[in-house]
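Asker: So the sequences go chain by chain: A and B.
Quick note on numbering: the first sequence equals residues 1 to 338 in UniProt numbering.
Quick note on numbering: the second sequence equals residues 1 to 333 in UniProt numbering.
Hints are computed from structural coordinates only; laboratory data are not their basis.
There's no promise every hint is true.
[Stated by the list, open to error] Pairs of lysine-lysine residues, derived as BS3-like cross-links and limited to a Cα-Cα distance of at most 30 Å, are as follows:
(1) Lys35(B) to Lys264(B)
(2) Lys280(B) to Lys264(B)
(3) Lys114(A) to Lys312(B)
(4) Lys35(B) to Lys312(B)
(5) Lys280(B) to Lys114(A)
(6) Lys265(A) to Lys235(A)
[Unchecked claim] Chain B side only, calculated, beta carbon under 10 Å to chain A, not exhaustive:
(7) Gly38
(8) Ile41
(9) Phe139
(10) Ala150
By construction, the Cβ of each residue, glycine as well, lies at the ideal position given by its N, Cα and C atoms.
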Amino acid sequence: MTATAERLTTSRAMVDGIAAEMARDESVIYLGEDVGAYGGIFGSSTGLLDRFGATRVIDTPISETAFIGLAIGAAVEGMRPIVELMFVDFFGVCMDQIYNHMAKISYESGGHVKVPMVLTTAVGGGYSDGAQHSQCLWGTFAHLPGMKVVVPSNPYDAKGLMISAIRDDGPVVYMFHKGVMGLAWMVKNRRAIGEVPDGEYTVPIGSARVAREGTSVTVATVSLSVHHALDVAEKLAEDGIDVEVLDLRSLVPLDREAIVASVRKTGRLVVVDEDYLSYGLSGEVVASVTDVDPGLLRAPVARVAVPDVPIPYAHSLEYAVLPRPDRIEAAIRAVAAA
Amino acid sequence: MTDTIDAEARLDLYRTMVLVRLFEEAMLREYHADKGPGFDIGKGLVPGEMHLAAGQEPVAAGVCAHLTTDDAVTATHRPHHFAIAHGVDLRRMTAEIFGRETGLGRGRGGHMHLFDPDTHFSCSGIIAEGYPPALGQAFAFQRQGAGRVAVAVTGEGAANQGAFHESLNLAALWKLPVVFVVEDNDWGISVPRAASTSVPSNAARAAAYDMPGERIEDNAVEAVHAAAGRAVARARAGDGPSLIEVHTLRLWGHFEGDAQAYRKDIEDVPGRDPIPTYEKSLRDAGLLDDAAAAAIRESATERVEDAVTFAKESPVPDPAGALRYVFASGGVS
Numbered sequence: 001m002t003a004t005a006e007r008l009t010t011s012r013a014m015v016d017g018i019a020a021e022m023a024r025d026e027s028v029i030y031l032g033e034d035v036g037a038y039g040g041i042f043g044s045s046t047g048l049l050d051r052f053g054a055t056r057v058i059d060t061p062i063s064e065t066a067f068i069g070l071a072i073g074a075a076v077e078g079m080r081p082i083v084e085l086m087f088v089d090f091f092g093v094c095m096d097q098i099y100n101h102m103a104k105i106s107y108e109s110g111g112h113v114k115v116p117m118v119l120t121t122a123v124g125g126g127y128s129d130g131a132q133h134s135q136c137l138w139g140t141f142a143h144l145p146g147m148k149v150v151v152p153s154n155p156y157d158a159k160g161l162m163i164s165a166i167r168d169d170g171p172v173v174y175m176f177h178k179g180v181m182g183l184a185w186m187v188k189n190r191r192a193i194g195e196v197p198d199g200e201y202t203v204p205i206g207s208a209r210v211a212r213e214g215t216s217v218t219v220a221t222v223s224l225s226v227h228h229a230l231d232v233a234e235k236l237a238e239d240g241i242d243v244e245v246l247d248l249r250s251l252v253p254l255d256r257e258a259i260v261a262s263v264r265k266t267g268r269l270v271v272v273d274e275d276y277l278s279y280g281l282s283g284e285v286v287a288s289v290t291d292v293d294p295g296l297l298r299a300p301v302a303r304v305a306v307p308d309v310p311i312p313y314a315h316s317l318e319y320a321v322l323p324r325p326d327r328i329e330a331a332i333r334a335v336a337a338a
Numbered sequence: 001m002t003d004t005i006d007a008e009a010r011l012d013l014y015r016t017m018v019l020v021r022l023f024e025e026a027m028l029r030e031y032h033a034d035k036g037p038g039f040d041i042g043k044g045l046v047p048g049e050m051h052l053a054a055g056q057e058p059v060a061a062g063v064c065a066h067l068t069t070d071d072a073v074t075a076t077h078r079p080h081h082f083a084i085a086h087g088v089d090l091r092r093m094t095a096e097i098f099g100r101e102t103g104l105g106r107g108r109g110g111h112m113h114l115f116d117p118d119t120h121f122s123c124s125g126i127i128a129e130g131y132p133p134a135l136g137q138a139f140a141f142q143r144q145g146a147g148r149v150a151v152a153v154t155g156e157g158a159a160n161q162g163a164f165h166e167s168l169n170l171a172a173l174w175k176l177p178v179v180f181v182v183e184d185n186d187w188g189i190s191v192p193r194a195a196s197t198s199v200p201s202n203a204a205r206a207a208a209y210d211m212p213g214e215r216i217e218d219n220a221v222e223a224v225h226a227a228a229g230r231a232v233a234r235a236r237a238g239d240g241p242s243l244i245e246v247h248t249l250r251l252w253g254h255f256e257g258d259a260q261a262y263r264k265d266i267e268d269v270p271g272r273d274p275i276p277t278y279e280k281s282l283r284d285a286g287l288l289d290d291a292a293a294a295a296i297r298e299s300a301t302e303r304v305e306d307a308v309t310f311a312k313e314s315p316v317p318d319p320a321g322a323l324r325y326v327f328a329s330g331g332v333s
């Protein structure tokens, strides 16, 4: 690895990781809707067509069952396809290929068949795209066995996790939040741009990152909520609340040890999750602690998630249900004071 | 010429059909051997749902005669005939059906989930959903340029699923080397074709995707063989996909334990058994006599019983290993 680096948006870093692997490995291809000349609606494949051509960067019909299934078959035969589901909300039209085939072939074959592929998909709301184009749904994928689920929050991780995902011998679902991509046409946090090393490097899948060290309260979260949590942590530091922010980076595998280690230090836990509240990541994170030792918690846990409601359209309503900084701040203050 | 068939090829079709039938009869025997008293689906050496393919042998025999084990086959919830005709190892396949550690999937898959990378064979228990992965195998083959093909099998009930239509479109659009096979056995479990399907022939649906479509009547194995020869040759030549629908026969129930009370054709089913019909035509052509027929049955019986014995003598999976192979690393994460 060279020592040079440049400042990139998360989307450019993701593409950088894909390009590095495509250059290194002929069997890597990228396919999906509008991934060619358009470059991906959310910038997930910008420039790849020009560099690698239409035989490796492939626009598909709007036919997710067919082309995701195609990626599965190609992976079984030794290719390493990356296939994009434009919005995760569209999984309803193709989930059988994903959870009954992509995710289960390894197990059903007793490990004799490998399915080395990456399913990329855009997640998240905050820009009034309504109930069918704003969900995160990572808990749904993580609930179903056989898929790794990674959720990068920043440019460095976006590239390193992408390279790890492509090199994994099994299926990895790579969920990029539109709000962390650093798109010119969407509000963005300054953390959507960052230093990214040139060349190849990997970020291990299943290893959380301490995004900010602290001693008062642990905030365990992923994706865009990491940005919000860090902003809130800076603000609360002025009030003497020293927040530790844990970027989980993947839901499968979930770095339960990192969660426990942080809570062991702080004794207080807030989970922030842009997915739905019930039966999801937030409960799983809490169980990761209580399964080990409920006595680690010196205060009740707070969960800041989307209450179990479709994502509203009107800005005022949408911001009322998303885990925005105000809700995160209130939860941290309450847990810190309890 | 793909439309002519020599004597040895005709006998091979017969041998394959007999081997499949004897295998299915052995599965029937083993499946029901210890389900009692009464019928407990989860009980016995071979538990769970069991969909046997007796009567549908002509489809698998006729199609797979044109394939090598470098070609791929994706089959359905009723997969045994295609697995056998394609050359999947009989011992390891049987061991999987018996849920043994020596099975194709080390007992993790079962009879609807047979995966054999050696012959590029797989099947899916979800109707029509075996088609899309076949596209991907064909896609990989197309890039290799070696003329390999993927055969994707479904039943007629699957032809009303979205996955079926999406797959036909994409395969035709990208000229993928796929042969789509539809086994029309008249019944989607208990629903007759006439109550499920708007067209009399799925060959018409092939036309809608600008690919050749052919329907074979009367479960005629040599007609299947001829049609499959044309379709496979077309795919190998890089000319794209084709569809073949075969009007076949579900000799037994949808699954074992199905009383088939809904089935109005039940009386004349035994008379439509394709194996005696084909055997007679071979005898009439002077290709088969009592001794040769007996030898074929004996050889097939030996292979089947060897596989059953292998399965029964194989170890059951250790419960401690229940979480293995969820991920490619072999572990649980």
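Asker: Next step is simple, just say for each hint if it's right about the structure.
Answerer: Structure-based check of each hint:
1. For the proposed pair lysine 35(B) and lysine 264(B), the alpha carbon gap of about 27 Å is at most 30 Å, so the pair holds.
2. Taken as a hint, the lysine 280(B) and lysine 264(B) pair is honoured in the structure, with Cα atoms around 27 Å apart against an allowance of 30 Å.
3. With a C-alpha separation of about 28 Å, the suggested pair lysine 114(A) and lysine 312(B) falls inside the 30 Å cut-off, and the hint holds.
4. For the proposed pair lysine 35(B) and lysine 312(B), the alpha carbon gap of about 16 Å is at most 30 Å, so the pair holds.
5. With a CA separation close to 45 Å, the supplied pair lysine 280(B) and lysine 114(A) exceeds the 30 Å bound.
6. For a cut-off of 30 Å, the pair hint linking lysine 265(A) to lysine 235(A) stands: about 21 Å separates their Cα positions.
7. Proximity of glycine 38(B) to chain A is violated relative to the hint, the smallest CB-CB distance being about 30 Å (cut-off 10 Å).
8. Interface hint at isoleucine 41(B): violated, since its Cβ lies 20 Å from the closest Cβ of chain A, which is beyond the 10 Å cut-off.
9. Against a cut-off of 10 Å between C-beta atoms, the interface hint on phenylalanine 139(B) holds, since the closest Cβ of chain A lies about 5 Å away.
10. Against a cut-off of 10 Å between C-beta atoms, the interface hint on alanine 150(B) holds, since the closest Cβ of chain A lies about 7 Å away.
Checked against the numbered hints given earlier, the structure breaks hints 5, 7 and 8 and satisfies all the rest.
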